[in-house]
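Using the sequences and the accompanying hints, generate a full structural model.
Protein chains: 2
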Amino acid sequence: MTWLKIDDVAKQTGLTKRTVRFYEEIGLIDPPQRSEGGIRLYTQADVERLKKISDAKEVLGFSLQELQQFLKISESIERHRQGYRASPDKTGQMSELKQMAEALEEQLRMLKRKIDKMLGFQQEIESLYAKAMQLLENDRAN
Amino acid sequence: MTWLKIDDVAKQTGLTKRTVRFYEEIGLIDPPQRSEGGIRLYTQADVERLKKISDAKEVLGFSLQELQQFLKISESIERHRQGYRASPDKTGQMSELKQMAEALEEQLRMLKRKIDKMLGFQQEIESLYAKAMQLLENDRAN
DNA sequence: GTTATTGTTGACGTAAACGTAAACTTTACA
DNA sequence: TGTAAAGTTTACGTTTACGTCAACAATAAC
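So the protein lines, in turn, are chains A and B.
Okay, so the first sequence: first residue is 1 according to this note's numbering, each after it adds one.
Okay, so the second sequence: first residue is 1 according to this note's numbering, each after it adds one.
Hints listed in this document are in silico derivations from the structure and should not be mistaken for laboratory results.
The beta-carbon is built from N, C-alpha and C at its ideal position, and this holds for glycine as well.
Treat the hints with care, since some could be wrong.
Here are a few chain A residues that face chain B, going by a calculated C-beta distance under 8 Å [stated by the list, open to error]:
id, residue
1, A56
2, L60
3, G61
4, S74
5, I77
6, M100
7, K117
8, I125
9, E126
10, K131
11, A132
In silico lysine-lysine, DSSO-like type, Cα no more than 30 Å apart, as pairs [claimed, not checked]:
id, chain 1, residue 1, chain 2, residue 2
12, B, K72, A, K131
13, A, K131, B, K117
14, B, K11, B, K72
15, B, K52, A, K117
16, A, K131, B, K57
17, A, K72, B, K131
18, B, K131, A, K52
19, A, K51, A, K72
20, B, K17, B, K72
21, B, K17, A, K57
22, B, K51, A, K57
23, A, K98, B, K117
24, A, K52, B, K117
25, A, K112, B, K72
26, A, K117, B, K51
27, A, K112, B, K52
28, B, K98, B, K51
29, B, K112, A, K17
30, A, K117, B, K117
31, A, K51, A, K117
32, A, K57, B, K57
33, A, K57, B, K52
34, B, K11, A, K112
This is the structure:
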């Protein structure tokens with residue numbers, strides 16, 4: 001296992017060291033391993049998770065709170081899947097799962113709306129770009 | 001011409017009255033007409049512009065500064081098109097236009113990247129949703 | 001083995017994007 | 001025409017998401 005220190009992580013993710021520590025502070029990522037002296041040691045998996053978080057934040061426009069929510073949902077479903085929490089509380093699990101499913105449906109609706117609007121903007125920008133090019137060509141013709 | 005007051009605008013756009021005034025304050029929208037007594041009077045066009053701004057902010061994740069930049073580009077191109085600024089400074093106009101075109105290309109690249117990542121997330125969420133449904137069905141079978 | 005890096009924990013600072021409260025004016029309407 | 005509702009400005013408050021010291025500890029490099 002090859003360990004990474006916070007500066008490597010920062011370089012690989014594009015986040016700052018401060019941000020990485022901050023994400024740990026607010027519980028967005030689990031506290032990583034530590035060296036004897038107390039220095040944070042990350043794995044490549046940690047880096048991937050951070051990359052994903054960074055992407056999700058940038059692309060989906062999620063706040064860090066929403067991201068926490070979303071990550072909790074994913075993990076909860078994975079946990080259910082792996083049979084963890086074979087708790088006696090069947091009914092509780094069921095209603096929990098239903099809530100997750102509803103939340104996911106909501107996310108999907110949101111995403112689709114956003115993608116649609118993005119495609120709309122893309123069209124618009126392309127049209128603007130075409131107009132700009134046309135103007136430039138007209139000028140060139142003189 | 002039928003005038004709208006700020007509360008109507010707020011309701012139509014989904015923004016708050018404070019936000020509408022704030023956008024005016026920072027120059028994101030032009031100051032609207034005023035009544036004799038000094039009350040802001042908006043047109044439907046103002047509402048549409050605000051809706052667009054709101055969409056762009058939400059969907060593109062632009063900061064208000066970036067939005068200003070973007071709006072300036074659109075307007076600048078429209079102005080060029082309509083022959084406004086038939087200024088004697090040909091060369092200046094050209095290089096301005098070139099800059100706009102480059103900025104637009106940059107925006108397009110960014111948009112495409114975002115759309116791609118969004119589609120990726122959509123896949124992922126759909127897969128999560130499928131897993132959740134499967135779990136629910138398994139439970140139902142008991 | 002001693003410096004130069006790099007890391008750690010506080011703690012306070014800050015920019016963006018509004019929210020909120022106060023004090024006052026303008027409109028709407030019964 | 002008087003009063004409630006809606007609007008205005010001014011100004012300070014708040015939340016989010018980090019940035020930026022400072023003071024000290026641990027590693028790395030020579």
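Verification of the supplied hints:
For the restraint placing A56(A) at the interface with chain B, the shortest Cβ-Cβ distance is roughly 7 Å, inside the 8 Å limit, so the hint holds. Interface hint at L60(A): satisfied, since its Cβ lies 6 Å from the closest Cβ of chain B, which is below the 8 Å cut-off. Taken as an interface hint, G61(A) checks out: its beta carbon lies about 4 Å from the nearest beta carbon of chain B, inside 8 Å. For S74(A), the interface hint holds, the least distance from its beta-carbon to any beta-carbon of chain B being 6 Å, beneath 8 Å.
Checking I77(A) against chain B by beta carbon gives a least distance of about 5 Å; that is within 8 Å, so the hint holds. For M100(A), the suggested interface contact is upheld, since its CB lies about 5 Å from the closest CB of chain B, less than 8 Å. Because the beta carbon of K117(A) sits about 4 Å from the nearest beta carbon in chain B, less than 8 Å, this interface hint is met. A distance limit of 8 Å between C-beta atoms decides the matter here; for I125(A) the minimum to chain B is near 5 Å, and the interface restraint holds.
The restraint placing E126(A) at the interface with chain B holds, with a minimum CB-CB distance near 7 Å, inside the 8 Å limit. Because the smallest distance between the Cβ of K131(A) and any Cβ of chain B comes to about 6 Å, under 8 Å, the interface hint for this residue holds. Hint on A132(A) holds. Least Cβ distance to chain B is approximately 4 Å, under the 8 Å limit. For the given pair, K72(B) sits about 15 Å from K131(A) by alpha-carbon distance, which is consistent with the 30 Å threshold.
The suggested pairing of K131(A) with K117(B) holds, with an alpha-carbon distance near 28 Å, which does not exceed 30 Å. A distance of roughly 26 Å separates the Cα atoms of K11(B) and K72(B); the hinted pair therefore holds under the 30 Å criterion. About 10 Å separates the Cα atoms of K52(B) and K117(A), which keeps this hinted pair within 30 Å; it holds. A distance of roughly 24 Å separates the Cα atoms of K131(A) and K57(B); the hinted pair therefore holds under the 30 Å criterion.
A threshold of 30 Å between alpha carbons decides the hint, and for K72(A) with K131(B) the separation of about 15 Å falls inside it, so the pair holds. Our distance criterion of 30 Å between C-alpha atoms is met by K131(B) and K52(A), whose separation comes to about 20 Å. Our distance criterion of 30 Å between C-alpha atoms is met by K51(A) and K72(A), whose separation comes to about 17 Å. A threshold of 30 Å between alpha carbons decides the hint, and for K17(B) with K72(B) the separation of about 24 Å falls inside it, so the pair holds.
About 28 Å separates the Cα atoms of K17(B) and K57(A), which keeps this hinted pair within 30 Å; it holds. A C-alpha spacing of about 23 Å is found between K51(B) and K57(A), which places the hinted pair at or below 30 Å, so the restraint holds. About 27 Å separates the Cα atoms of K98(A) and K117(B), which keeps this hinted pair within 30 Å; it holds. In summary, the hint linking K52(A) to K117(B) is supported, as the alpha carbons are separated by about 10 Å, within the 30 Å threshold.
Between K112(A) and K72(B) the alpha-carbon distance is near 28 Å, which keeps this suggested pair within the 30 Å criterion. Annotation: proposed proximity of K117(A) to K51(B) holds, straight-line Cα distance about 12 Å (limit 30 Å). Pair hint K112(A) plus K52(B) holds up; C-alpha atoms about 18 Å apart against a cutoff of 30 Å. Of the supplied pair hints, the one linking K98(B) and K51(B) holds, its CA atoms being roughly 29 Å apart against a limit of 30 Å.
A hinted pair counts as satisfied when its Cα atoms are at most 30 Å apart, and K112(B) with K17(A) qualifies at roughly 29 Å. A threshold of 30 Å between alpha carbons decides the hint, and for K117(A) with K117(B) the separation of about 15 Å falls inside it, so the pair holds. A hinted pair counts as satisfied when its Cα atoms are at most 30 Å apart, and K51(A) with K117(A) qualifies at roughly 25 Å. Our distance criterion of 30 Å between C-alpha atoms is met by K57(A) and K57(B), whose separation comes to about 14 Å.
The suggested pairing of K57(A) with K52(B) holds, with an alpha-carbon distance near 22 Å, which does not exceed 30 Å. The straight-line distance between the Cα atoms of K11(B) and K112(A) is roughly 24 Å, inside the 30 Å bound, and the hint therefore holds.
Checked against the numbered hints above, the structure breaks none of them.
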